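*Asks:* Chains as they are written, first to last, in this note's numbering: chain P, 8 to 264; chain U, 444 to 782.
No wet-lab data here; the hints were simulated from the structure.
Misleading hints may appear alongside valid ones.
[Said to hold, decoys possible] Here are some chain P residues pointing at chain U (derived, C-beta under 7 Å): (1) 79; (2) 92; (3) 94; (4) 257; (5) 258.
Because the structure is a prediction, the values reported are computed rather than measured.
No residue lacks a Cβ here, since even glycine has one placed at the ideal position from N, Cα and C.
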Amino acid sequence: MARDIHFRIGAHNILKGIDLAIGPGEIMSLLGANGAGKTTLLRVLLGLISPAQGQVLIDDTATSSLARRDVAQRMAYVPQVHMTPFPYTVREVVAMGRLSRKGLLGNPSDRDQEVVQSVLEQIEISRLADRVYSEISGGERQLTLIARALAQQASILILDEPMANLDFGYQTLLSTHLRKLAQSGHTILMSGHDPQLAFHSSTRIGLLFDGRLELDGKPQDVLTAGTMQRLYGVDVDIIALADGRRAFFPVVSPVSQ
Amino acid sequence: MRRPRLFSISALLMLALLGMTAVSLAVGRYPLSLADIWEFLQASVGLRDIGSERYALLYNIIVEIRLPRVLAAILIGAALAISGASFQAVFRNPLVSPGILGVLGGASFGAALGLLLSDQWLVIQLLAFTMALLAVGFGVFIANLFGPATMVTLVLGGIISGALFTALLSITKYTADPYNELPAIVYWLMGSLQAVQLTHITAVAIPIIAGIVVLTLLGHALDALSMGDDEARSLGVPVTAVRYGVIIMATLISALSVSIAGIIGWVGLVVPNFARLAFGPANTRLLPLSALIGSLFLLSADLITRVITPAEIPIGIVTELLGIPAFLLVLGRARRAWI
Chain P
8 MARDIHFRIG AHNILKGIDL AIGPGEIMSL LGANGAGKTT LLRVLLGLIS PAQGQVLIDD
68 TATSSLARRD VAQRMAYVPQ VHMTPFPYTV REVVAMGRLS RKGLLGNPSD RDQEVVQSVL
128 EQIEISRLAD RVYSEISGGE RQLTLIARAL AQQASILILD EPMANLDFGY QTLLSTHLRK
188 LAQSGHTILM SGHDPQLAFH SSTRIGLLFD GRLELDGKPQ DVLTAGTMQR LYGVDVDIIA
248 LADGRRAFFP VVSPVSQ
Chain U
444 MRRPRLFSIS ALLMLALLGM TAVSLAVGRY PLSLADIWEF LQASVGLRDI GSERYALLYN
504 IIVEIRLPRV LAAILIGAAL AISGASFQAV FRNPLVSPGI LGVLGGASFG AALGLLLSDQ
564 WLVIQLLAFT MALLAVGFGV FIANLFGPAT MVTLVLGGII SGALFTALLS ITKYTADPYN
624 ELPAIVYWLM GSLQAVQLTH ITAVAIPIIA GIVVLTLLGH ALDALSMGDD EARSLGVPVT
684 AVRYGVIIMA TLISALSVSI AGIIGWVGLV VPNFARLAFG PANTRLLPLS ALIGSLFLLS
744 ADLITRVITP AEIPIGIVTE LLGIPAFLLV LGRARRAWI
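Looking at chain P on its own, in the form it has when it is part of the complex (with noise of 0.2 Å):
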């Protein structure tokens, strides 16, 4: 999917060659400290920003040799949970996600508000659809936002940190949806700062350092005591459970003890 990426910002170099293949089925995690580089990855696989060197295929064609319009049909992007400056509603939101389907001039065909409502139906926000967008919560509006990008019908996903806003219940249901989604064949990247979290959703998990993917394998190989320490600097205990299950703990005692 990436070849050889390198971004800079003046003489500030961002990412330092990024070679990344990823494929239907896969839930792959970004995990990396503050400033490492996961946005700016997330923005140039998206080519919302151009990479210096280096260029991003979709089944070996270059995204930067397609239209927007094209490109949008392949891969879709989550952005973080925000409000509009517009009482735009829970519906009208996710028919944007049409927008590349239809085209840019075109009204919305019988077609697409199928999509939309069926979209609405596998979230489970079908209740929402009529309510004001900017006026749900943090946890209903990063749902909205997934059905907007399930609209495009892209079978990439691309989600920047979509856990961060959410409530525990939230957290949870989500890495359900986008299990679902990964089992039915798409490919989905994700950005997030909780190690256990990123453990328990991804089939892969990929760790950035100051602009290198230096490991990128399995959440077990991956999420080991030894790299959280690198990563984050920080020492953390890692508790195995029978079931599979990882609980990661900061080496700090609780305040209250």
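Assemble the complex: chain P is given as a structure, and chain U must be docked to it using the hints.
*Replies:* Frame of chain P, contents of chain U only:
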């Protein structure tokens, strides 16, 4: 919230506009009844004979005196409202008005210069129009001076360009003859439909209507654009092209309006906000409905200028006076609903 259907709302607004047009044609220093207008309409298509003298009188009042300003109010109201709504979407800010990129400053300077150089309306209008485009061009140029324009640099470019042309306007005012030219400039800046002639209307109608159609067609793209550049791009919208296309169309039609009627404030700010509150933010609906409501608003304002006092007051003053309470109302509702 479920949105009512576009078709039924616009049909209703069209009817209101038609009614308002009839009233506007009837009201004035020589009052006509709606029956008179109906009579004239029938006579003009040959369904009825009312005598050539009466026909000439009605023709003079209705077609030569009142129709131009009625049509001007409809066109200009629509143009200002839709360009305001488009700029609000492009700049992702409901408090933006069509003057954001300097179009008003440029037009004001152009008109003032025209009033100094010539007493021909055509010269004044052409100069106002050219300077309006020049001012926006200059604002956009500044926005692109240090790398590709962003929303912030565009706003700053507009402020700088507006300031420059306002300074130029001040110079023109300062050098103007204080007995004749200066009052003419001041009156022009207050906006008026008084001097509008049928030939002006035919000249601007086609570009304004074309602008309204193009902007409405870009409604879905504008929706995506108002979510942010990155999102719009990843939804498949060629952001830069759409943004400049919209800026060009909206600037063109607001410059045309300003050059034939002077500065008419508040329409481009209040009407889109009112329409958004009533019919939702989706631009494929908001843009045409703003245009219709803008027409209604300016037609009503024009009616007020003509009936409230025997000596007509400038329409810009009326739109401001009407606009402020309307805007306060919108702002109160908006704060509760979205912020």
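*Asks:* For every hint, state whether the structure bears it out.
*Replies:* Now for the hints, and whether the structure bears them out:
1. This hint holds: residue 79/P has a C-beta 3 Å from the nearest C-beta of chain U, less than the 7 Å allowed.
2. Because the closest C-beta pair between residue 92/P and chain U is about 5 Å apart, less than 7 Å, the hint holds.
3. Interface hint status for residue 94/P: upheld, as the beta-carbon distance to the closest one in chain U is roughly 5 Å, under 7 Å.
4. Residue-level restraint check for residue 257/P is violated (minimum Cβ-Cβ distance to chain U is 33 Å; threshold 7 Å).
5. A hinted interface residue such as residue 258/P counts as satisfied when its beta carbon comes closer than 7 Å to some beta carbon of chain U; here the least separation is about 38 Å, so the hint is violated.
When each numbered hint is compared with the structure, violations occur for hints 4 and 5.
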